[in-house]
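Visitor: Sequence:
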Amino acid sequence: MNNAADQDLPAFDGFWNFEDPAGSEAKFRELLPKAEESGDRGYLAELLTQIARTQGLQQEFSDALTTLDRADALIGPEMKTARVRSLLERGRVFNSSGKPETSLSFFNDALRLAQDAGLEFYAVDAAHMLGIAAKDNESLKWNAEAIKLAEAAQDPKARRWLGSLYNNTGWTYFDMGRYEEALATFQTALEFRKKDGTIVQTGIARWSIGKILRHLGRVEEALQIQLELLDQPGRKGNDAEGYTREEIGECLLLLNRQAEATPQFARAWELLHNDPWLRQDEPKRLERLKRLGEL
2 MNNAADQDLP
12 AFDGFWNFED
22 PAGSEAKFRE
32 LLPKAEESGD
42 RGYLAELLTQ
52 IARTQGLQQE
62 FSDALTTLDR
72 ADALIGPEMK
82 TARVRSLLER
92 GRVFNSSGKP
102 ETSLSFFNDA
112 LRLAQDAGLE
122 FYAVDAAHML
132 GIAAKDNESL
142 KWNAEAIKLA
152 EAAQDPKARR
162 WLGSLYNNTG
172 WTYFDMGRYE
182 EALATFQTAL
192 EFRKKDGTIV
202 QTGIARWSIG
212 KILRHLGRVE
222 EALQIQLELL
232 DQPGRKGNDA
242 EGYTREEIGE
252 CLLLLNRQAE
262 ATPQFARAWE
272 LLHNDPWLRQ
282 DEPKRLERLK
292 RLGEL
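Using the working numbering, the letters of the sequence shown map in sequence onto residues 2 to 296.
These are calculated hints, taken from the structure and not from any lab test.
Just so you know, not all the hints are guaranteed correct.
What the hints assert, rightly or not - Pair by pair, the computed Cβ-Cβ distance ranges are:
{"hint": "1", "residue 1": "A260", "residue 2": "E283", "range": "20 to 30 angstroms"}
{"hint": "2", "residue 1": "K35", "residue 2": "P234", "range": "31 to 41 angstroms"}
{"hint": "3", "residue 1": "D137", "residue 2": "R219", "range": "50 to 60 angstroms"}
{"hint": "4", "residue 1": "G15", "residue 2": "Q281", "range": "41 to 51 angstroms"}
{"hint": "5", "residue 1": "D117", "residue 2": "K237", "range": "41 to 51 angstroms"}
{"hint": "6", "residue 1": "L217", "residue 2": "T67", "range": "41 to 51 angstroms"}
{"hint": "7", "residue 1": "P277", "residue 2": "H216", "range": "20 to 30 angstroms"}
{"hint": "8", "residue 1": "A260", "residue 2": "R71", "range": "55 to 65 angstroms"}
Computed from a predicted structure; not experimentally measured.
Glycine included, each C-beta is placed from N, C-alpha and C at the ideal position.
Use the sequences and the hints to build the structure in full.
Guide: Structure (structure tokens):
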């Protein structure tokens, strides 16, 4: 979303690969010398906010805050986009490091400033992050606000947030035990992704529907969805395969097919046990995979 004043300064947001934050950081850092030499303080500040984001995704939270401090020292009052991006990334660092309450003020400030400056994409991003950091009904409120902003936006990039927002709303309903509402929301997400999404995004929506169906007791339907997803070329040897294997195992357990479930859990543990976010946030889930996989 950055606006490079000089054609020699590339639009770096296209360098993002959220599946590889370390690789993204390396690409951004390659741009740093040219950005520093350019004298374009706004561009440099925005670039630093994205380096901070890569650090947060690698759980290098202290380094991320230091990088954001450097960005903030460059930002003048006229640099609205850079300021919004800094607020967003500082909020994300606090939320990811287990301090969601601290993050809320940064996301609120980012939302106000983005709306005042007419930055639709970042306004939706801020509301979407408030939906993530908040809980239960407050989360639903912010997700609804983000959806309203996205639907009303003139910027097509802002409207593309809708798929993620439907997804996040679905998981909030799930966490509240409101499975029927979660299912309806994920079905809306799937229809959106079919029209304006990637194969990976469509697969995530289908996987989510399958998980909800399992919780609703529609286990055979859930199992069929996960088995179909497992055949996709993009779900081989990665986290996506791991989560799909986990769901297949859970379905097979409920169908009293434990002998078939065991290797599914074993493969899921093999693929997921080194995931830093699962190790931080859901260690018991990993322990269960290992136990059910008889490892």
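Visitor: Indicate, hint by hint, whether the structure satisfies it.
Guide: Quick rundown of the hints versus the structure:
no.	hint	in the structure
1	A260 with E283: 20 to 30 angstroms	holds, 26 angstroms
2	K35 with P234: 31 to 41 angstroms	holds, 37 angstroms
3	D137 with R219: 50 to 60 angstroms	violated, 25 angstroms
4	G15 with Q281: 41 to 51 angstroms	violated, 29 angstroms
5	D117 with K237: 41 to 51 angstroms	holds, 46 angstroms
6	L217 with T67: 41 to 51 angstroms	holds, 46 angstroms
7	P277 with H216: 20 to 30 angstroms	holds, 27 angstroms
8	A260 with R71: 55 to 65 angstroms	holds, 56 angstroms
In this structure, the hints that do not hold are numbers 3 and 4, in rising order.
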